[in-house]
Amino acid sequence: MQRDDTDRRIGYLALAIATCAAGALAVLPGLASATPGVPGIDDTTPSADVDLAALQLTSSEASPIVKWPSDPPLELTVYKTATSPIAGAASTSDAQCASAVYAGLDKTYDGSGYTGLNYQELTGFGSKNSYSVISVASSYDDEHAAANMVANTIQNWTDCGRKKVTGDLSGSTQTRTVNNVVSTTDDIYLVNNITDDGGACSHAMTSQGNVVVEVSACRSNIGLVKQSLQLANKMLVKLP
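When we follow full-length UniProt numbering, the leftmost residue of the sequence shown carries the number 1, and every step to the right adds one.
Derived pair list, reagent style SDA-like, types lysine to any residue, alpha-carbon separation capped at 25 Å:
1) K226 / T195
2) K238 / D49
3) K226 / D197
4) K234 / A147
5) K128 / S170
6) K67 / T81
7) K164 / N180
8) K164 / S91
9) K164 / V182
Just so you know, these hints were derived from the structure itself, not from any lab.
The task is simple: from the sequences and hints, build the whole structure.
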């Protein structure tokens, strides 16, 4: 008996549907592979190159924060710049805690994995006070490496509380005492009381993305407390 043409057409239609379904399934792995987090697919975003020098503080940014109210308008000038850490921790009385006292020190950055560094020192003089603002911007492979750098520093500086460090890395021999260590999981600031001139330095470190910033702001006679963290945040807001 001859098959009805209708049956034949139904058979062709079923075959076509099955073929299309198989083709759609074959495409699915390609779609899935474009989805972030799929095993075997690198979905990490490379850290963008950062112009570290562009993050540095200007006189107009730093002066209002560090200036003693009775001093005339303060002009801070660039005294020193560098693209590598400052040597000298070993020459101090306590190489381990020197990093809590001096910004940009080799002891702080050696072995940290930094990929770039920019150091700047601003200095200025008021009617009764002298000022110094050291700021350091450093970059890392990714935000995890930067956060790890800050975490290690928090631990080290905290361990140095109440320690005295004598050195001449600031241009003259000074004895500084590490005091008032305050930290969160993301940042730290402390005070270095200077025995010789009655002043103090505010020292801080924090990070954003793959960039770490460190600031030490010093004022003679009447010291500073939390101003370094304010200055560090002024640097971070310049990040793209």
